[in-house]
Amino acid sequence: MIQRLLITSSKWSKKGMLNDIESIKNLARDEISNARCLQDIYDLKVKYLGKKGLLTGKLKSLGSIPREERPAFGRILNESKNFIESLLRKQEDIFKSSELDKSLRTEQIDVTVPGCFIPTGHLHPITQVLDEISGIFISLGFTVEEGPEVELDYYNFEALNFPKDHPARDMQDTFFISDDVVLRTHTSSVQVRVMEKSSPPLRVIAPGKVYRCDADVSHIPMFHQLEGFMVDRHIHFSDLKGVLELFIHRVFGRDTSLRFRPSFFPFTEPSAEIDISCVICNGSGCNVCGGTGWIEILGAGMINPRVYEKAGYDPELYTGFAFGLGIERVAMLKYGIDDIRLFPENDKRFLEQF
Amino acid sequence: MKASYIWLKEFVDFNLLPEELSHTLTMAGLEVEAIEEVEEDTIFDIGITPNRPDCLSIRGIAREISAVLEIPSKDISAGVEKEEGEGPVVEIENSGLCPRYSSRIITGVKSGPSPEWLSKRLESCGIRATSNIVDITNYVLLELGQPMHAFDLDKLSGKKIVVRQAGAVNKFRTLDDEERDLSKETLLIWDAEKPVAIAGVMGGRNTEVSESTLNILLESAYFNPSSVRRTSRSLNLSTESSYRFERGVDIEAVTLALDRAAQMIAEIAGGRVTKITDKYPGPFEPKKISVSFKKICSVIGVDISESFVEKRLRNLGFRVEREGEGIVAIPPAYRNDVERDVDIIEEVARLYGYDNIPSTMPFMQMSSPPEHKRQELVKILKNSMTKSGFSEVINFSFLNPDALEKLNLPSEDRRRNLVYIKNPLRKEESAMRTTLIPSLLNNVSMNLKRGEKMLRFFEVSRVFLSSGQKLPDEITQLAAIYHKDMSVSIWQDKHDGFYNLKGALENLFMELKIKEYSFERDTSSVEPYLHPGKSCSITINSQKAGSLGTLHPGVADAFDIKGNVILLEIHDIEKIQMALPGKTTYVSLPMYPYVERDIAIIVSKDITVEQAKKIIQGIDSDIIESITLFDIYTGKPIPDDKKSLAFSIRYRSAEKTLTDSEVDAVHSRILKRLEAQLKAELRS
Ligand SMILES: [Zn+2]
Chain Z
0 MIQRLLITSS
10 KWSKKGMLND
20 IESIKNLARD
30 EISNARCLQD
40 IYDLKVKYLG
50 KKGLLTGKLK
60 SLGSIPREER
70 PAFGRILNES
80 KNFIESLLRK
90 QEDIFKSSEL
100 DKSLRTEQID
110 VTVPGCFIPT
120 GHLHPITQVL
130 DEISGIFISL
140 GFTVEEGPEV
150 ELDYYNFEAL
160 NFPKDHPARD
170 MQDTFFISDD
180 VVLRTHTSSV
190 QVRVMEKSSP
200 PLRVIAPGKV
210 YRCDADVSHI
220 PMFHQLEGFM
230 VDRHIHFSDL
240 KGVLELFIHR
250 VFGRDTSLRF
260 RPSFFPFTEP
270 SAEIDISCVI
280 CNGSGCNVCG
290 GTGWIEILGA
300 GMINPRVYEK
310 AGYDPELYTG
320 FAFGLGIERV
330 AMLKYGIDDI
340 RLFPENDKRF
350 LEQF
Chain H
0 MKASYIWLKE
10 FVDFNLLPEE
20 LSHTLTMAGL
30 EVEAIEEVEE
40 DTIFDIGITP
50 NRPDCLSIRG
60 IAREISAVLE
70 IPSKDISAGV
80 EKEEGEGPVV
90 EIENSGLCPR
100 YSSRIITGVK
110 SGPSPEWLSK
120 RLESCGIRAT
130 SNIVDITNYV
140 LLELGQPMHA
150 FDLDKLSGKK
160 IVVRQAGAVN
170 KFRTLDDEER
180 DLSKETLLIW
190 DAEKPVAIAG
200 VMGGRNTEVS
210 ESTLNILLES
220 AYFNPSSVRR
230 TSRSLNLSTE
240 SSYRFERGVD
250 IEAVTLALDR
260 AAQMIAEIAG
270 GRVTKITDKY
280 PGPFEPKKIS
290 VSFKKICSVI
300 GVDISESFVE
310 KRLRNLGFRV
320 EREGEGIVAI
330 PPAYRNDVER
340 DVDIIEEVAR
350 LYGYDNIPST
360 MPFMQMSSPP
370 EHKRQELVKI
380 LKNSMTKSGF
390 SEVINFSFLN
400 PDALEKLNLP
410 SEDRRRNLVY
420 IKNPLRKEES
430 AMRTTLIPSL
440 LNNVSMNLKR
450 GEKMLRFFEV
460 SRVFLSSGQK
470 LPDEITQLAA
480 IYHKDMSVSI
490 WQDKHDGFYN
500 LKGALENLFM
510 ELKIKEYSFE
520 RDTSSVEPYL
530 HPGKSCSITI
540 NSQKAGSLGT
550 LHPGVADAFD
560 IKGNVILLEI
570 HDIEKIQMAL
580 PGKTTYVSLP
590 MYPYVERDIA
600 IIVSKDITVE
610 QAKKIIQGID
620 SDIIESITLF
630 DIYTGKPIPD
640 DKKSLAFSIR
650 YRSAEKTLTD
660 SEVDAVHSRI
670 LKRLEAQLKA
680 ELRS
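Top line first, the protein sequences correspond to chains Z and H. Just so it is clear: in the first sequence, position 212 is 211 by numbering that gives the first Met the number 0, and no numbers are missing. Just so it is clear: in the second sequence, position 166 is 165 by numbering that gives the first Met the number 0, and no numbers are missing.
One or more hints might be untrue.
Cut-off 25 Å, straight-line C-alpha distance, at most; resulting in silico cross-link-like pairs (PhoX-like, lysine-lysine) [claimed, not checked]:
(1) K671/H <-> K163/Z
(2) K163/Z <-> K286/H
(3) K287/H <-> K309/Z
(4) K421/H <-> K208/Z
(5) K309/Z <-> K378/H
(6) K163/Z <-> K372/H
(7) K378/H <-> K333/Z
(8) K193/H <-> K208/Z
(9) K561/H <-> K405/H
(10) K196/Z <-> K372/H
FYI, nobody ran anything at the bench for these hints, they're computed from the structure.
The shape of chain Z in the complex, shown without the other chains (with noise of 0.2 Å):
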């Protein structure tokens, strides 16, 4: 076939060379529809368009075509050199791309080993529930503020109605530095200090660590609270029961029902204490709330007009109301952590599960 070929063009004539083209087209295609491998690719290369390949040699022999004939030969071998080009381009990249697939296919890896990567540390659980429960009150428009761990008995105990020598004292198991300064028993000793620094209106949360001399099975010496408070011209003991019942709705849920009981706080009054429905056993009665279905979480009131006159305000002008909760029974009730002690304990195992 070659042969005949190549005979053909030793004597030139139009139709004989369109004819020459056309089956080089021909031969060309059907050669590199069967190519095996990228190689028998780089061979067809050569032997069409390589230096002495056959559309090259046709390209050639153009000086011995009529010149008025050449401009439309020209055109003719170029295309057809395009033309086989781009057969062999795309019969080379089908090829280059199965044997990248083969070649990829033998490099593998072993996606079970460990990512590579800084384990991250945790936050204790009594910081990730302060912070979600400040979050909700400062979302509300409350403002954050700190007092002294150690404190003078006036803004623990005085200021809040608690005499010297009165039994309400009893309430709170005291630390004592001396005579007159203690450790704070609870974080409503932040009110007074606050009150005597800014005037109404108020929304207040005091986040921080109190102390109570008791420790056992149920009691630590030293956890965390959280007290807020709303001073202004009218609020009202139902504005507390609104605070309080969205707050909780938003830590333990909707479907948490609350329920008031008149209680005693020296610094209210009226004063409640507030218990939730168990999350445990959904009221039924279970260990955590001792049967009754439920669990007493938080302790408010309206503020007793007796602090307004420590803090220097008018107690026929404003009320207000406080309320304050403890949150490591927060987050043993959130968790389902059974015993207290775990929060000051900081085993490892304990605190990764946060």
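Please arrange chain H with the ligand on chain Z, whose structure you already have, making use of the hints.
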């Protein structure tokens, strides 16, 4: 306070099962903490808040049930059936401390065990039965809330009673056979010559009623609550009596109780009762409290009818009169907790039922949003440390003073100046922390004992430093600990931990965009608990702000820690706060490409990376953009006392594309300077 279901029912005829009664009491503010079935009876353990001493008796709780359920209560009609002879002589020296003292003598009693019903009732309420006379005084205490005391009359010198402070007498032996130390102010009961009881707290051994007692003197009194409390506290002795007196008993019911007890003794132990002596120098003055209906409704937040207010207050034993747009309420003597209008409002709210009050949201003016810079910073510190792999611990603020010894802190160190707790639970918790380090070391030691590895902890908490003022300085610190045992897992770093902790801090600074910080080897100020060669101080804005280093091996031993421990401390997070940049300003991106050249030099081992870097930075050229350390090498073929440092230096001009020759010129100046100043050799 333990209360019997059957006993309560004798006072008020409620139609409730024990569980229902328990709920009613709890929702009225008398929280039932436990319920116990005893034979046919049910015993409620009720938490009585300190403001309600009137409920420290069966009669008081019954009164409350009656008011809540709006059913009448029966009162006891105590009276002595037959009186013979005059009552005892009683003198009160200070009526402020003892506004009322009543007494009767009972002669010819027969001491012995109590009848079964009486001892059973006492024991079900948590009081041990002994003998009839004492049991009856206890019975009346439970029933009416009035503490009583019986003296053996024949041991009372002069058969008289004087109420007077201790004065010069400073010792007294009480019923429980303890010798008590008295202060001058302690209020005592005397006979004609000697003290015979500590008023309101406990009787004396010297006049105790015994099996052979024939004649008794019975006391029913009201003692000043604060005085009893001070005495009880200073003696560290709390009794059923002192518990009630310090909260305030019903001064108007003192003689009722006396009569009740006298009559019961006459019935049970026999004997003849004298007339009463009732000294009452400080009579009860009823309080008149005005409150408007408007205020009641406004404080509670719901409309409550005027008739409801009047009716329910009367149920509670208040006298109520209309006054303008409100009422004047006069609380009974036993409600000494009700003093002003809000107390009346609480009573109304309580009987209205807290659960019946609606939930509303307060109206409040908008105000400028609060700034919480410090809290935000603490949050960033904590989050940044967790990102670097450290878990947060929260330790007690207490310190074992011995720990400072273990840390080798010299006696003049400020942290040795401790704030002590007067009444600690344990010696190990007897002072407030002046440093967070011992807590973190204990955390590591404890976790190691439990077999945990890879311990990385941090804490952000306050320390308490004596200030010379009443209150100590409370300073928030950041401290972190890195423990590395010798085993290495696949992805673990090759470092000993120092650079991990340093990196955590540098990462924090990067997060906060703080650039003015440095780590300085400064042997003079190194912490005594750190390895002197592997520690440094941390400087922020040229101020010392903390320290970083390997734990001193001796201290590690003292805390029982094996392995490598690195500690980081920022002594006051305020220093970080102050270094925070005000705002971020954009710098235009460079227009021209950079050229990077490496330089590796061999220097003496004691030359620091920082020294070399400073020299390069000191070259007078504005095309050095950055200097990055990429290798430190020791070992062959470098001589033993030398090391190789390799830096990559990036050159860039703000004005044009740099040519090779421009870069070469600066690069060779750098090498020359390093050779000259550090005796460095180029590593080929
Ligand atoms: Zn439950």
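* **Holds or violated: K163/Z to K372/H, with C-alpha atoms at most 25 Å apart** => violated (37 Å)
* Mind checking the alpha carbons of K193/H and K208/Z for me, to see if they're no more than 25 Å apart? => violated (50 Å)
* Asked: Has the given pair, K287/H with K309/Z, been kept, meaning a C-alpha gap of at most 25 Å?
  -> holds (23 Å)
* Quickly compare the C-alpha distance for K163/Z and K286/H to 25 Å and report which way the hint goes. => holds (23 Å)
* **Holds or violated: K309/Z to K378/H, with C-alpha atoms at most 25 Å apart** => violated (34 Å)
* Is it true that the CA of K671/H sits at most 25 Å from the CA of K163/Z? -> violated (79 Å)
* Pair hint K421/H and K208/Z, alpha-carbon separation not exceeding 25 Å -> Distance of about 19 Å is within 25 Å: holds.
* Under the criterion that the straight-line Cα-Cα distance not exceed 25 Å, is the pair K196/Z, K372/H satisfied? -> holds (19 Å)
* Hint consistency between K561/H and K405/H [alpha-carbon to alpha-carbon, up to 25 Å] -> Since the Cα atoms of K561/H and K405/H sit roughly 16 Å apart, the hinted pair holds (cutoff 25 Å).
* Does K333/Z lie within 25 Å of K378/H when you go C-alpha to C-alpha? -> The hint holds at about 21 Å.
This entry does not satisfy hints 1, 5, 6 and 8, going by the numbered hints stated previously.
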